[in-house]
Amino acid sequence: GDQVEQSPSALSLHEGTGSALRCNFTTTMRAVQWFQQNSRGSLINLFYLASGTKENGRLKSTFNSKESYSTLHIRDAQLEDSGTYFCAAAYNRIFFGDGTQLVVKP
Amino acid sequence: DMKVTQMPRYLIKRMGENVLLECGQDMSHETMYWYRQDPGLGLQLIYISYDVDSNSEGDIPKGYRVSRKKREHFSLILDSAKTNQTSVYFCASSRDISAETLYFGSGTRLTVL
Chain A
7 GDQVEQSPSA LSLHEGTGSA LRCNFTTTMR AVQWFQQNSR GSLINLFYLA SGTKENGRLK
67 STFNSKESYS TLHIRDAQLE DSGTYFCAAA YNRIFFGDGT QLVVKP
Chain B
58 DMKVTQMPRY LIKRMGENVL LECGQDMSHE TMYWYRQDPG LGLQLIYISY DVDSNSEGDI
118 PKGYRVSRKK REHFSLILDS AKTNQTSVYF CASSRDISAE TLYFGSGTRL TVL
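Protein chains in written order, with our numbering: chain A, 7 to 112; chain B, 58 to 170.
The set of hints was computed from the structure by calculation and includes no laboratory data. Treat each hint with caution, since some may be false.
Ranges between beta-carbon positions, derived for each pair [to be verified]: (1) B:Leu77 x A:Lys111: 28 to 34 Å; (2) A:Gly22 x B:Lys119: 30 to 36 Å; (3) B:Tyr107 x A:Asn51: 17 to 23 Å; (4) B:Ser111 x A:Ser48: 25 to 31 Å.
Straight line, CA to CA, 20 Å or less: simulated SDA-like cross-link-like pairs of lysine to any residue [claimed, not checked]: (5) A:Lys60 x B:Thr158; (6) B:Lys60 x B:Thr140; (7) B:Lys60 x A:Leu52.
Stretch-level coverage of chain A by chain B, calculated; a stretch enters the list once three of its residues show a Cβ under 8 Å from a Cβ in chain B [claimed, not checked]: (8) 39-49; (9) 93-106.
Even for Gly, the Cβ is constructed at its ideal location relative to N, Cα and C.
For reference, chain B alone in the conformation it holds in the complex (with noise of 0.2 Å):
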């Protein structure tokens, strides 16, 4: 069964608190993305990875930082929580870089007092 699980789906946190956003994948891809969506807006790209330990930022990287240290997890990671990082998060794979299909998850909304 091809899918990408991450946790948690509903998160608050406290301005200055740190973040941790988890993703998961069963399909062995090798390239995974980190994409936050505000109200009335599209995907915006914030880290790629293209395999284990090669990570790229994307469009919007400042303010959040990325860990993958297995193929099937990608992290995503607040250091001190701003309340403008209010949003959903999506997460992503692709087969590898040339694969243009993207299968995602179900998102984590975050919410930052």
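The following block holds chain A by itself, in its conformation from the complex (with noise of 0.2 Å):
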């Protein structure tokens, strides 16, 4: 959307690699939730954010107001981490990102 650009649109990692997903956003936002969408289609939440960072497992999200921003990291990246991952924000409604496919090859 508009108010949120996601980067890069696609990427590719081999197992046991990591990298860094984005989202810019051109207005302030409140709080941001990143999903996974699976090879079966269902939008799995990963994580909801209002500042700061999160952590669970090999997954870490970053949230920062005011520069307007917020990251997901990816490290040892498995298989199951294949699929398309969106970020949503929330200003006075919630905006979606285009998502990010990723692709992790053996």
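Build the complex: two chains, separate frames, hints provided.
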């Protein structure tokens, strides 16, 4: 969407490696949520952040409201991490990014 | 168990037929949403419901209407479906409009022939 710029649009990783996904916002957002859409099409909640950093296993997310961005770091990528990752940011309503298609290769 | 349930999971209809997509949630959430997702694209907001009988158009409401007669149920209706309404439809809910955490259903894949 216009309010949320998500990058990269596509990413390929080998198993065991890592990378970062990013969402830039055109306005000050109150919170951000990250989702993984898996191979079955289901949208899985990964993180919700109003500020700071959260970590869960091999995933870590940061939200910097003042500088208008959020990142999702994936380390030690596994095959099951493949899918499309979306960020959704809240201002007066919720705005979605266009997603990052991640492929993890053996 | 926090859950958003969508029915049916798959649906095939002919152009001009009426379509009813149903969504339920067991979290007593005030706010519910309908989105559609087309291949390679993100999620587009069709309608928001703030509570029973309090609905608002999203970004792409044309060709759709909604009904929310009970807090736990939110329906999406296509009167006289069109082929360009072939898509995957997602329902979501949040505690209220100021609560940003969305919970999604598993989606309904609608094909209009």
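Hint-by-hint comparison with the structure:
1. B:Leu77 x A:Lys111: 28 to 34 Å: 42 Å, violated
2. A:Gly22 x B:Lys119: 30 to 36 Å: 47 Å, violated
3. B:Tyr107 x A:Asn51: 17 to 23 Å: 22 Å, holds
4. B:Ser111 x A:Ser48: 25 to 31 Å: 28 Å, holds
5. A:Lys60 x B:Thr158: 15 Å, holds
6. B:Lys60 x B:Thr140: 30 Å, violated
7. B:Lys60 x A:Leu52: 16 Å, holds
8. 39-49: holds (count 6)
9. 93-106: holds (count 8)
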